[in-house]
Amino acid sequence: MKKLKPTETLTEQAYRVIKQAIINNEFEPDEVLAEEHLAEDLGISRTPIKAALKQLEFDGLVDLKTGRKARVSKISLNDLNDIQVLRESLETLATRLAAKKVEEQQLVKLEGICAQQRQAIVEDDYSKFIELDNDFHFEIADISGNEQLKKYIVNLSHQVQRFLILSDTLQGSAAGAVDEHLQIIEALRNKNPIKAEEQMLLHVQNVTKRILAQ
102 MKKLKPTETL TEQAYRVIKQ AIINNEFEPD EVLAEEHLAE DLGISRTPIK
152 AALKQLEFDG LVDLKTGRKA RVSKISLNDL NDIQVLRESL ETLATRLAAK
202 KVEEQQLVKL EGICAQQRQA IVEDDYSKFI ELDNDFHFEI ADISGNEQLK
252 KYIVNLSHQV QRFLILSDTL QGSAAGAVDE HLQIIEALRN KNPIKAEEQM
302 LLHVQNVTKR ILAQ
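Residue numbers for the sequence shown follow the numbering used here, beginning at 102 and rising by one.
Heads up, some of the hints might be wrong.
Stated by the list, open to error - Cross-link-like lysine-lysine pairs, in silico, DSS-like; alpha carbons within 25 Å at most:
no., residue 1, residue 2
1, 251, 175
2, 310, 229
3, 202, 166
4, 251, 310
5, 175, 151
6, 170, 151
7, 170, 229
8, 155, 251
9, 155, 252
10, 175, 120
11, 251, 229
12, 252, 202
13, 292, 202
Stated by the list, open to error - Label pairs and their computed distance ranges (CB to CB):
no., residue 1, residue 2, range
14, 276, 133, 37 to 45 Å
15, 314, 212, 22 to 30 Å
16, 302, 276, 14 to 22 Å
17, 280, 158, 33 to 41 Å
18, 267, 135, 40 to 48 Å
19, 306, 249, 17 to 25 Å
20, 266, 213, 19 to 27 Å
21, 283, 201, 17 to 25 Å
22, 212, 166, 25 to 33 Å
23, 144, 201, 29 to 37 Å
24, 159, 306, 27 to 35 Å
25, 226, 147, 34 to 42 Å
In case anyone wonders, no lab produced these hints; they're calculated from the structure. Quantities reported herein were computed from a predicted structural model and do not represent experimental measurements. Here a beta-carbon is modelled for each residue, glycine too, at the ideal position from N, C-alpha and C.
Required output: the full structure, derived from the provided sequences and hints.
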């Protein structure tokens, strides 16, 4: 991990860097997050590390128990299924709201993300594909205009990202996910909230099916 720079508070920077490392499975589930080692790696004291770990506990990425060192939280297939059920409601709501206010430049941006996903498949770069997949969903949440809704979607998507990286689920199914994204874009372009919501629901449900099949 890179040393931190004082552009944000040290706690904010530590939170961001450790969170990204967990999401990318640089720290694996149930791995101990020793404050002293994190502080040394990041070139800061243990105080902001402690505060960052508390924030990560709130996000569900870290387990903190009295008398024990912090550990990366585990994520089971049951956890993933519960998360997907929540996403079915939250992502469809975001898409319905977005369909009412989306503008052409935002649609072009979404199409650009899909094009980059196609290229990531060609390059066999599925870590990049997953990052772009999140970008797609976060952009729709952003278009919805509901910041609180976006925060929930971002948090849940990061949990799914951990599972997808660990399980290698995307091999053979990534192209289908991009096709589903394009169907969502078409419904958004037609300003059809009901159709857009239906397409997003189908997409999230298909992601669940692909994970369970794997």
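Here is what the structure says about each hint:
1. 251 x 175: Within the cut-off at roughly 24 Å; holds.
2. 310 x 229: holds (22 Å)
3. 202 x 166: Not satisfied, since the Cα-Cα distance of roughly 44 Å exceeds 25 Å.
4. 251 x 310: holds (24 Å)
5. 175 x 151: holds (20 Å)
6. 170 x 151: holds (11 Å)
7. 170 x 229: Since the Cα atoms of residue 170 and residue 229 sit roughly 32 Å apart, the hinted pair is violated (cutoff 25 Å).
8. 155 x 251: Holds, at roughly 21 Å.
9. 155 x 252: Holds: residue 155 and residue 252 sit about 17 Å apart, inside 25 Å.
10. 175 x 120: Distance of about 14 Å is within 25 Å: holds.
11. 251 x 229: It holds: about 21 Å lies between the C-alpha atoms, which stays within 25 Å.
12. 252 x 202: holds (19 Å)
13. 292 x 202: holds (8 Å)
14. 276 x 133: 37 to 45 Å: holds (38 Å)
15. 314 x 212: 22 to 30 Å: Given range 22 to 30 Å: holds, Cβ gap about 28 Å.
16. 302 x 276: 14 to 22 Å: holds (20 Å)
17. 280 x 158: 33 to 41 Å: holds (38 Å)
18. 267 x 135: 40 to 48 Å: violated (22 Å)
19. 306 x 249: 17 to 25 Å: Distance hint for residue 306, residue 249 holds at roughly 24 Å.
20. 266 x 213: 19 to 27 Å: holds (23 Å)
21. 283 x 201: 17 to 25 Å: Given about 20 Å between the Cβ atoms, the range holds.
22. 212 x 166: 25 to 33 Å: Distance hint for residue 212, residue 166 is violated at roughly 46 Å.
23. 144 x 201: 29 to 37 Å: Once the Cβ atoms are compared, 47 Å apart, the range 29 to 37 Å for residue 201 and residue 144 is violated.
24. 159 x 306: 27 to 35 Å: holds (28 Å)
25. 226 x 147: 34 to 42 Å: holds (36 Å)
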